[in-house]
Each structure stands twice: as C-alpha cells, then as structure tokens.
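Given chain A, work out where chain B should sit, using these hints.
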Amino acid sequence: AQSVTQLGSHVSVSEGALVLLRCNYSSSVPPYLFWYVQYPNQGLQLLLKYTTGATLVKGINGFEAEFKKSETSFHLTKPSAHMSDAAEYFCAGPNFGNEKLTFGTGTRLTIIP
Amino acid sequence: DTGVSQDPRHKITKRGQNVTFRCDPISEHNRLYWYRQTLGQGPEFLTYFQNEAQLEKSRLLSDRFSAERPKGSFSTLEIQRTEQGDSAMYLCASSFVETQYFGPGTRLLVL
Chain A
12 AQSVTQLGSH VSVSEGALVL LRCNYSSSVP PYLFWYVQYP NQGLQLLLKY TTGATLVKGI
72 NGFEAEFKKS ETSFHLTKPS AHMSDAAEYF CAGPNFGNEK LTFGTGTRLT IIP
Chain B
36 DTGVSQDPRH KITKRGQNVT FRCDPISEHN RLYWYRQTLG QGPEFLTYFQ NEAQLEKSRL
96 LSDRFSAERP KGSFSTLEIQ RTEQGDSAMY LCASSFVETQ YFGPGTRLLV L
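For the record, the sequence lines run as chains A and B. Under my numbering, the first residue of the first sequence carries the number 12, and numbering increases by one thereafter. Under my numbering, the first residue of the second sequence carries the number 36, and numbering increases by one thereafter.
Bound-form chain A, shown alone (with noise of 0.2 Å):
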C-alpha cells in the first residue's frame, strides 16, 4: 500500500522568507499525490494535485510542488511567506487498488511577523 511521510511535524519561517514543506512516499510510483491545507476547525482545502506528467506543479496562493521520482519525494515550496499561510499542511495519495487516500501525519506551519 502507499504511504507518504511528512518530515517535521512543525515549521517556523518568518514572514517573507521561503516556505519548505517535505513529503516523500513509499517506493511504488504513485499516479497522483495531492497537498492540503486545513485552517484551525475547518477542513481540507486543495492547494494542489500532482498527476502523472508534469513533475512542477503550481497550485493555489503561490504554492507549488516538485515530483522527484529519484527521491520519492513531493516537497511543498513558496517562495515568500505570508502571514495567512499559518495552518497546517498535508500530503497524500492513493492506496493501490482502492478509492482512499493515505494522508501524511501534517505540518503545522508558523508565520513569524
């Protein structure tokens, strides 16, 4: 089955500077992944969909993501910070086989002013 792992369940920057966000899945090359951002007792909000393709994928507010298939990785990035990007932050993708998403444990992101 496929797992994503998320490094660093919290990440400070302060406002202005690069936002890094880090996922990496299991070895099977999935067909999409996807990152969420959840604002405090909301749900998840679609920031951006990676398909089989295009490996630099840009999403909602500025956000974008690299698939690295020689990393396994999926990692997050904005080049500048804003204070209305604190939330946290997940990354997930498919279970071979099946119709459910695998979610990362989340990042909780922190805007310092």
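Worth flagging that the hints you see were computed from the coordinates, not collected in a lab. Be careful, since some hints might not be right.
[To be verified] When the alpha-carbon atoms are kept at most 20 Å apart in a straight line, the in silico EDC-like pairs for lysine to aspartate or glutamate are as follows:
1) 92(B) x 110(A)
2) 69(A) x 133(B)
3) 60(A) x 133(B)
4) 60(A) x 26(A)
5) 49(B) x 63(B)
6) 92(B) x 103(B)
7) 49(B) x 98(B)
Predicted model, so just to flag it, every value in this text is computed and none were measured.
Quick look at chain B alone, frame taken from chain A:
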C-alpha cells in the same frame, strides 16, 4: 458549485448516546468518502461509496458505526452508543475522478 456541506458543524453528546451526521456532496460527484481526524493527526479513511454502493469499510469502523447513501446523493454516518474515544473531527469528501474535495467537517465531543 456549492461545495461539500456537512451538518452539524459541532456536536456535543454524552457517552452512550447515538449521533448522526449528514454530508451533502458536490452534486455531480458519484464518489463519497468519510474520514476521521483526531487532534494532531491526518485524516484516516473510514468508508467509501460509489453512488449508493458502500464499496469499502475500514477496520476503524466498528459495529457501532454505520454509513448510508440511500439514493446516491447525500450520506449519513451514525455512531451508536458513543464512547469518549469517538471524539474527533469527522470529514466528508466527494469526487468525480481522483481529486477529493472536503467539507468543513463535524467536530464531535463525547463527554
């Protein structure tokens, strides 16, 4: 496109009571999913419907949990004889193909 909606948004109940949650998916989506999220964790899959057929249930879904999607539109998730360990956020998602869109969730607190 009005998005996925869930009702209620919050529920407080006493241990042993039954609760029912409702999810209304995006109208053209034939797939509907339920997940549970506890504090500090990612969502965990509970069950999945394609149209009205329940195609998969997680081992997390004990006999006290039941889900239905009677006409392939909205879905309900019922928890009988609630326990304190059931306290969590219950998330519903829907999809037409692979991308799942989530509702705002129902936060359950069992006292």
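Which numbered hints does this structure break? 4 and 5
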